[in-house]
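A.B. asks: Here are the chains, one letter per residue:
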Amino acid sequence: MIENQQILYHKKPLPKKLLNLGLLLFVVGLLGTIAGFFVDSARISFNLVVLTTWLASIGIGSLFFIGIEYLTGAVWSVPFRRVAEINSAIIFVLPILIVPIILNIHSLYHWTHIEAVQNDTILKNKAPYLNETFFIIRTVVFIFLWFLFYYLFISNSRKQDSTSDQKLTKRNSIVSAAFMPVFAISLTFFAIDWLMSLEPHWYSTIFGVYYFAGTFLASLGAFTYISILLNEKGYLVEGLGPDHYYSMGALLFGFTNFWAYIAFSQFMLIWYANLPEETFWFINRGVGSWFYMSIGIILVKFIVPYILLLPQPAKMDPKRLKIAALWILFAHYYDLFWVVMPTFSKNGIPFNWFELVPIVLGLGLFIMVFYYVASKVNLVPIGDPKLRRGVEFHL
Amino acid sequence: MVSNNLYALGALFKDPNKLVKLAKKIVELGYKNWDVHSSYPLHGLPRLMRLKWSPLGYIALILGLTGTSFGVFFTWWTMSVDYPLTIGGKPWFSFPAFVPVLFELTVLLASVGTAIVMLFIIFKFPNNRHPLHDTEYMKKVSVDHCGIVIEAKDKNFDYEKVKALFQEFEPDQILDIYYQEEEVAYKPKVFDWKFITFLVVIAVLTSAVGYLFNNKILYMPPFDFMLNQFRLGPQESSTFFADGFGMRKPVPGTVARGDIYYPFKGKPEEAGAKLINPLLPTKENLALGQEKYNTFCSPCHGWRGEGDSHLNGQFPNPPSLHSEKVRTWSDGRIYHVIVEGQNVMPSYAKQLTEKERWAIVLYIRALQRSLNAKQEDVQ
Numbered sequence: 436m437i438e439n440q441q442i443l444y445h446k447k448p449l450p451k452k453l454l455n456l457g458l459l460l461f462v463v464g465l466l467g468t469i470a471g472f473f474v475d476s477a478r479i480s481f482n483l484v485v486l487t488t489w490l491a492s493i494g495i496g497s498l499f500f501i502g503i504e505y506l507t508g509a510v511w512s513v514p515f516r517r518v519a520e521i522n523s524a525i526i527f528v529l530p531i532l533i534v535p536i537i538l539n540i541h542s543l544y545h546w547t548h549i550e551a552v553q554n555d556t557i558l559k560n561k562a563p564y565l566n567e568t569f570f571i572i573r574t575v576v577f578i579f580l581w582f583l584f585y586y587l588f589i590s591n592s593r594k595q596d597s598t599s600d601q602k603l604t605k606r607n608s609i610v611s612a613a614f615m616p617v618f619a620i621s622l623t624f625f626a627i628d629w630l631m632s633l634e635p636h637w638y639s640t641i642f643g644v645y646y647f648a649g650t651f652l653a654s655l656g657a658f659t660y661i662s663i664l665l666n667e668k669g670y671l672v673e674g675l676g677p678d679h680y681y682s683m684g685a686l687l688f689g690f691t692n693f694w695a696y697i698a699f700s701q702f703m704l705i706w707y708a709n710l711p712e713e714t715f716w717f718i719n720r721g722v723g724s725w726f727y728m729s730i731g732i733i734l735v736k737f738i739v740p741y742i743l744l745l746p747q748p749a750k751m752d753p754k755r756l757k758i759a760a761l762w763i764l765f766a767h768y769y770d771l772f773w774v775v776m777p778t779f780s781k782n783g784i785p786f787n788w789f790e791l792v793p794i795v796l797g798l799g800l801f802i803m804v805f806y807y808v809a810s811k812v813n814l815v816p817i818g819d820p821k822l823r824r825g826v827e828f829h830l
Numbered sequence: 330m331v332s333n334n335l336y337a338l339g340a341l342f343k344d345p346n347k348l349v350k351l352a353k354k355i356v357e358l359g360y361k362n363w364d365v366h367s368s369y370p371l372h373g374l375p376r377l378m379r380l381k382w383s384p385l386g387y388i389a390l391i392l393g394l395t396g397t398s399f400g401v402f403f404t405w406w407t408m409s410v411d412y413p414l415t416i417g418g419k420p421w422f423s424f425p426a427f428v429p430v431l432f433e434l435t436v437l438l439a440s441v442g443t444a445i446v447m448l449f450i451i452f453k454f455p456n457n458r459h460p461l462h463d464t465e466y467m468k469k470v471s472v473d474h475c476g477i478v479i480e481a482k483d484k485n486f487d488y489e490k491v492k493a494l495f496q497e498f499e500p501d502q503i504l505d506i507y508y509q510e511e512e513v514a515y516k517p518k519v520f521d522w523k524f525i526t527f528l529v530v531i532a533v534l535t536s537a538v539g540y541l542f543n544n545k546i547l548y549m550p551p552f553d554f555m556l557n558q559f560r561l562g563p564q565e566s567s568t569f570f571a572d573g574f575g576m577r578k579p580v581p582g583t584v585a586r587g588d589i590y591y592p593f594k595g596k597p598e599e600a601g602a603k604l605i606n607p608l609l610p611t612k613e614n615l616a617l618g619q620e621k622y623n624t625f626c627s628p629c630h631g632w633r634g635e636g637d638s639h640l641n642g643q644f645p646n647p648p649s650l651h652s653e654k655v656r657t658w659s660d661g662r663i664y665h666v667i668v669e670g671q672n673v674m675p676s677y678a679k680q681l682t683e684k685e686r687w688a689i690v691l692y693i694r695a696l697q698r699s700l701n702a703k704q705e706d707v708q
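Chains A and B, in that order, give the protein sequences. 436 is the number of the first residue of the first sequence in this note's numbering; add one for each residue after it. 330 is the number of the first residue of the second sequence in this note's numbering; add one for each residue after it.
Incorrect hints may have been included.
Subject to a maximum C-alpha distance of 20 Å in a straight line, what follows is the list of computed EDC-like cross-link-like pairs (lysine to aspartate or glutamate) [to be verified]:
#1 B:Lys-347 <-> A:Glu-713
#2 B:Lys-453 <-> B:Asp-364
#3 B:Lys-381 <-> A:Asp-752
#4 B:Lys-419 <-> A:Glu-827
I should point out that these hints are in silico values taken from the structure, not numbers from a laboratory.
Looking at chain B on its own, in the form it has when it is part of the complex (with noise of 0.2 Å):
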């Protein structure tokens, strides 16, 4: 008499060979649910039991372009609109520099993802059992014997015909496979105490050896060897001196290579009246004054000018460009506030070469023109 509780009948063979027969009958008796299980690979089976191909190759194509299209998103967004930092001299949208970021992406979401849909999605995790755990079948079938299993749902099962079929092939051991009781009303549990536990203890070891690497070993020989070098940092002292600073001011009377001598310094009204512009407004030279003025000025100014920046309302607020002073400012002493600074503004004359600040001085005007047109402007 057959049971209710029937999973399957399983065949077991330790001959491969007749394993790759019996199949074959199988497949061509048209049987559909059934398997083969085996400890070693049986090459040339998944196509001869017409296995269909996984999914998994395209939902791993699926998940790396999304990577990529959200790598390319997030480098443009974050880079170039949210706060364009200029690094290097480069565009702002600088494509090769983001390339490792976009495959690094790519390759995190493919793997990671497909993992994730491999566990959860076609093994069903968190449920870990199957009516072949723990049989006898199982515990064969990982150690030396390669075997067969139809299951009792196909609906051409019939029990004394499975068990004629199997033993055409002479089989080692023919085995009937039961539902366990506990199994046939089964429910995974996902929140079990041994999981969570479980989780809990990795993540405290994993911290733990963590905050030891990071905090403690690497600060120790050998592997400290970057940190503690034989150099000077900047700002620190050293005996080697008289005077004991680290850093060295430039011998007196010298003059650094590039370094064009400024006579206003400290007299900006005679500056104002003195220096003239040399630069025509061009349209490379208006170009040039608007890339340098982009990348030095508008971090504070605005990209305007109107001192509508980042920085609003962190720092005592830059002053607009626009207003009545700046407007009756001659060129020249603008001109001498970017070369020496004013009130927090550092001098910008290490990073802009004359021409760059004459050509900011004429971008300025532009602006300002821009925001104050007069009638005859219009026509």
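Chain A on its own, in the form it takes in the complex (with noise of 0.2 Å):
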């Protein structure tokens, strides 16, 4: 329907509770952190792992999805945008995060022991690759990079606001072309780094891919719950509604098939080969009660959002999208939390206070950097020249 009016946008200012909410989950968060450390620095230090991945996987989703935007002239997505450029600020708290994390490295990583390496043939081996001074400067690199093309895609789309200059749709698009193989290879690399070599003779060549659908279903859980709740509440632009919420419901039935599938191909090779230098990462997930876990991710990250996604009602429906969108956003952390707590704790899952407090920690983080972004921008890319398609768009 091509009728011409003018897209009406007021900016409504987020409430205060929001960020009261976010500042009180922070304090509580952090306090606990640091208790932690106190009481037993090797375990919040894995648990700060599992934050860390979790946080990086929302943020550079979040720019994943910007990249796919411009590349694919997706036309949907536009109204949305903005909500995927402030949910990838939160990259801005990993430089803080990974400090801690980097001085506790030897409670973590097994090769970072020079006496283990040198009585290890195939560490002595790996040691060229996986050696402190090298992990932190791809590290530094890494975060350096999403900084940049975060800077690059959020000042561009920022500018259009006040300029509605077609030419920096184009200057992003190119942005995004390059963005696609620096995001790749730096995701890869980020996942073995501080995930795989965890275990450090282990190796899987799906890994980098397996993380990265779990990356990708985490950021769009976040997208899709925050869009609709913005929208539900009036902040965004009159005439969003369910052919939006299709898309984004068919985004993360999709990916939630893709991640069941890589990660159903990671298993059967191991399974099927047999070696033991492969398997026995999953055989140190069967162990007392990770067994319980190892199949409860199977019903939390597919079976669960894949009956709630499935009907095609189910994904224009806002309610059940909302709650679909963050059980998929929490599954990546039980996800993310599976892979990484059995080298701490073999016998069994380990839960305390310890394991709660850094999703407490992440939520505040990303509660306040969130209110924080928001606060300065439109919450609406109102320069973008694809904005009316995208508002009146209909399947």
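Reassemble the complex: the two chains are provided individually, in unrelated frames, and hints are given to aid placement.
C.D. replies: Spelled out as structure tokens, the structure:
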């Protein structure tokens, strides 16, 4: 339906309550984390690895989402693009989060112990790649690259709000094309460094894709939930509805299947080939109560979202979609916890306040960063030439 | 005068906005038998027309679930009931190995089945007739117009009223669409000779291409790079070695790793007299014996050692392990048969370790006792 009407957008500030909530969660989480370092620094460090990779997932996944939107020329997502842009600002907490982890690196990563590496042929051969200096250099370079592309995307997008210049969209498309290989390589090596090297003897060539599948799912979950919430409360423009929700639901559903496909491929190849240097990773996850968590991951990360999102009307129902999106966002945390924690506790699932504190801290950080960035910008890219077509998008 | 033969009244538009407004009006007036035709998608129109959800989604779901459950049943039945084979040391019903099969079957049944349901039930194939075919209306719609028809069978249909309604929205053209003479009494012909010829030609073509591809092209360079490799297959001759054999024998005097020297080679009676089973009939040993017996012995000797296996009748029948002869054999004598083989039976020394062989002997003893129990066993 092509009708000429102006898109009206009035900026409405987010409620102050949200900031207070974020601040409360942050303070509780921070105190808990500091207390954790005094009680058991190794345990809290492992939990911080889970948190860091989870927040990185949301941030970098959102950048990837923005890149895809520019590259494919999608219109339905344009009215919501600011949400993804604000979500991706969470990558600015990464430098702060990795400092305590790197200070505690010896209790996390076995390959940092020089005397252990000396007596281990496999680790000795891996040492040119897996050593502390190179590890820190890689992490810093990756974070720098993400900051760079964040800056490029966001500055062009914000400039467009006042100038409405079509060239900026073109420029961002070029930035997106450059971002894709950088994203693929940096995310793969980030996953290898931070997650796979927890078990330095183990390797799985599909692990980078596995982390990517979870990453994009988590960022889509955050994006879908926040977009629908903001739209329902009237922070965005008029005229967004089920047709836009359907696209979000379809993406969530599709990538749920993609994750299952990749996760199963990883498991089945290792299970079938039955090589001892690969199977021990899964065997470790079958010890004691880890077994139930391993079975649970099929249910939590695949079957429940699959059934929630399967019918076509379900993808248009905002209530159901919000539940599914939040579920998927936290299912990624569950997934990362399952990847990281068996290295720390071999005999069973550790569960105590140590495991809850990072989630509280992460949610607090996320809400605060979101509130801070959202208060500075329009929640809709009002200068984007595709905005009107995006608002009028119909299936 | 309106003819009895009238199918519908159609209106053609160049501007889709006018059409959308007309469609809204038609919905308000409560017409039921009407439709919109366009050569490009008009977004949002299905909802405006209040079209019902297509049942195809549920059909696809049911067909997909059928595929999955059939796959589960069939992999289970073939791989663990009808013809159990040990592959790679995995259990007979090893679910992860079957998941790709289940996935493919689900997708196959869901996609092919949905397409067939759509063609034959929803589109009423092989009927390929519709009153709108070959009309002026359809020709324009498939080029650069979009159109609305209101069918004459609608109970609110009134020729003059509908025409007035159309004219209100300034269409480019209003058309009366009639049934064509042959269509009124048209019955679909399934065995039309043209259709049959078409099927035959397609069948011949695909077979020819398939034959050429599988039997000729794949054996031509460069597609034969997997077939012709610079290595010797089993039993192939070689010009490299003086004796011309591709397969080599071990160097004289060497013992392969894990090979244990067997002193009773060719001396079954001596083995029976001197060898003693080192294992005790504990639960673990019997379980090991059962597992190895089921894997290596049962294909010929049968599950209970009665010689009643799949191979019965195809080979010289394997003897029963419950005969007087075998029951009176010592443990060492049975062990010897496992190591050396007997008659048609080959040696199983390569497949079974020493402990496993003795465990099998224990299990055979248990089987013998179960089929020839004495009075005191029952008490």
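A.B. asks: Could you run down the list of hints and mark each one as holding or not?
C.D. replies: Here is what the structure says about each hint:
1. Our distance criterion of 20 Å between C-alpha atoms is broken by Lys-347 of chain B and Glu-713 of chain A, whose separation comes to about 65 Å.
2. The suggested pairing of Lys-453 of chain B with Asp-364 of chain B holds, with an alpha-carbon distance near 18 Å, which does not exceed 20 Å.
3. Using a Cα cut-off of 20 Å, the hinted pair Lys-381 of chain B and Asp-752 of chain A holds, with the two alpha carbons roughly 17 Å apart.
4. For the hint linking Lys-419 of chain B to Glu-827 of chain A, the alpha-carbon distance of about 56 Å lies beyond 20 Å, and the restraint is violated.
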